[in-house]
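**Q** Below are the chains, spelled out letter by letter.
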Amino acid sequence: MTLLLIAALFLPLFPLSIVFNGALAQLRKPVAQCVLLLVWPQLGVALLTLASHAVPPYVVPWALLTAGFYALRLLTVRDMGQWAGVLATSALALTWALAAGGADRAELHAFAFWFSLPAALVALLAHPLARRFGAAYAGLQGGLIGSQPRLSGALTLTVLAAVATPPFPGFFALLNLLQKLDLSGAVGVLAIWLVWGWAATKLLQGFIFGAERAVASGDIGRISSLAYTGVLGVFVIAGLYLTGGGL
Amino acid sequence: MDKLTILLPAMPLLSALLIALLGVRSRRGVARLSVGFAVLTFLLAAASLAFYLVEGQPHWMSLGRGWGSLYLDPLASLMAAMVAGISLVVHVYAVRYMAEEPGYARFYILLDLMAAAILLMVAAGDLVTLLVAWHLIGVLLYFLLGHDAARPAAQRYAFWTFFTYRLGDLPLILAAVLLYQAYGTTSLPALFELIGADPGAHHVVGLPLTTVTAFLVALAAFARSAQFPLHTWLPYTMEGPTPVSALMHAGIVNAGGFILNRFAPVFVHAGEVLHLVFVVGLVTAILGSVLMLMQNDIKKSLGYSTMGQMGFMFVEAGVGAFSLAIYHLIAHGLFKGTLFLGAGSVINNARKHDGVPHDDVYTFVVERKPVAYRLPWVVAAALTVVVPFIILGLSHWLVDDDFVGRQGAIILLFFGWVTGAQLLFVTYRLRAGSPWRLMAMIILSLVIVVAGYTWIGHAFDLFLYPDRAFSDRLYAAASIPLGTFEVLAAILTLAVVGGWAATYYATANGGLRSGEASPLRLALYSLLSREFYVADVYTWLTQAVLGLSRRLNVWLRWV
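From first to last, the protein sequence lines stand for chains C and H.
Sequential numbering from 575 applies to the first sequence in our numbering.
Sequential numbering from 167 applies to the second sequence in our numbering.
It is possible that some hints are incorrect.
Listing some non-contacts, in silico: residues in chain H with all C-beta distances to chain C over 12 Å [what the hints assert, rightly or not]:
id	residue
1	187
2	199
3	266
4	269
5	271
6	318
7	346
8	374
9	438
10	445
11	617
12	629
13	642
14	670
15	711
Here's a subset of chain H near chain C, in silico, CB distances under 10 Å, partners left out [to be verified]:
id	residue
16	316
17	324
18	332
19	343
20	714
None of these hints come from the bench; they were simulated from the model.
Predicted model only: the values in this text are computed from it and were never measured.
Cβ atoms here follow ideal geometry from the backbone N, Cα and C, with glycine treated the same way.
Given the sequences, and given the hints that come with them, work out the whole structure.
**A** Shown next as structure tokens:
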């Protein structure tokens, strides 16, 4: 039981999730934020599988409430690094529902990875924005699509991947989760998914759309752009190959 | 044949990838590449339709991983040909229309991806592929509608569209999950076969799975095809580029009609859901038509017209005439696409000349001046009531002598009769040198329209649903008890005839233009002009949710 409680720290369930988000807020280096987003949930899955207890039934509504709570909060988060953390908290809490549905260890590790990698990339993309405009803050510098098309493209694709848009693996992972839940649980997950999409459009509207303002510096380099696209491309292919379509 | 099926969505996808990866920067290069692939896609779609007509057998093929399968049946091959055709016209039109706009390559990439997603949707052979395409269409439409990134209105209405589409995605996903949990397969042909073998085998929350699934699919269709009260996004999407409006109104918005037809083997076991589809469609048709008449902007008027037409399409599906809904969506797609692409020219010409011929038709319809010569009213009344009845009855009897046994056919005939009678009712008083000749020409036009509509509709029915027994079962599922049907028909007839009499009386006494408007009429006008406050309610809800989110974040210090 203790192991499950510790796992709830790493696969964040509210209020233990405050530790994860607090740690993320303390880290200034984008690489460190990336590492935390990638490693933290994997530790949680490892602990979860080590625990001799099955996931108690009350954890599923707890996980869904946590995911819904953070999805709701995501709507008004405008700092991109923080946005990545809140979205990751909302998504990773769903790992508990998957575990309760009888998923094996590999499935759980993959599920956590499908959601933590795009979140880590979003956090990483906050760095070039902060370097150019002082902060990666939605609404601070709109209209990037005109002045910085490569950065806008990378940001758009990454955010879409983070909110489980097809053909990114998150989409198939959620389909897999849905078929393991009962009707009320499935409706809850679908509502959370809807709010993620809403939050994604709000974030994109704050960065890439809007009137173009004075540009502090140029676009990201072609190599950086190709690197982001390449990572997301590999991510899609790996997801399609490993998830087999979700259902 | 199988390779053709794969290439259908692959062609526009390849075009988008080439433009993006090769970094084609010259506008001419982008246009040539994209239009070239659009031509190829259309030729492939036409070839696959031709192959189907020759072979007459549906094809199902899979990549072998439980999803990624394509199914080319009559519905898919017909829809693919239509989508590819409209996509080609829009591609060509956009070459010059978008020439001065920024983001030319991005526009064509998105247009190609949209064409690929729609083709994937119509040819999807399994639930997962269908969901992928269904979801992607909403996402791509968001970016296409918001193409002009600097216009806040374009962004706002693109978001409305996106959110409504996402709202519509959820019931379809839930339907797919329930079907998979029950039958253990995602393949659409296999699913429909299993459902057909034992429709009552599974239950969800105490209801038959077929009913629940049909209800969820209908909800998804309502959102996708702007049915009341999920219609608010449609009239405002005119903020997007005109080619996108054309593509949306001619193709994307019709997805609701498509999905109803795709799940026809489920709806045939869910008559009560068909009744819901009928009611929602009827309400949407009436409200869409009323709101269309109140607009003074051509594009917004076209938007509400589309809403009304979508309502009629759902009415057709709701009475069991599924194939007629497909015929309707194709016909509507073609004429609405033409109207949108021609809207710019109309506005441009109207700035120079109002284009209104100041002849008898204008003075009669717009200025409502009384006319000196007209047919005797007894003759006119007889013609109004009897002629459409005979024309409609005869043309339907010629294609199917058993049509009186189907309630759905009777309802559609009733609507046809009302429309025909309305046409004659408003035109018989028109001033003309030879009123008999004018009336003969109007009746001849009506005969041509009705006969054409009936014959083509019948051909669609035979093509899409060659199994006549299945088609009859769809009509039977949509039927209601005969006594109820007759009472409803009588009430409807009285309402229509009463409406005509009131209109005639008001017109004859000049009541429409004289005196002050009554408070009731003013209240009704306010309600209509605010579009029933639906958008206001949504805005209030949105603000409430965002306010709650903000307060939670402040309380928790943003961690």
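**Q** Hints first: check each against the structure and report whether it holds.
**A** We went through each hint and held it up to the structure:
no., hint, verdict
1, 187, "9 Å, violated"
2, 199, "19 Å, holds"
3, 266, "15 Å, holds"
4, 269, "7 Å, violated"
5, 271, "9 Å, violated"
6, 318, "7 Å, violated"
7, 346, "5 Å, violated"
8, 374, "15 Å, holds"
9, 438, "19 Å, holds"
10, 445, "24 Å, holds"
11, 617, "45 Å, holds"
12, 629, "31 Å, holds"
13, 642, "30 Å, holds"
14, 670, "50 Å, holds"
15, 711, "7 Å, violated"
16, 316, "5 Å, holds"
17, 324, "8 Å, holds"
18, 332, "5 Å, holds"
19, 343, "5 Å, holds"
20, 714, "7 Å, holds"
Checked against the numbered hints given earlier, the structure breaks hints 1, 4, 5, 6, 7, 15 and satisfies all the rest.
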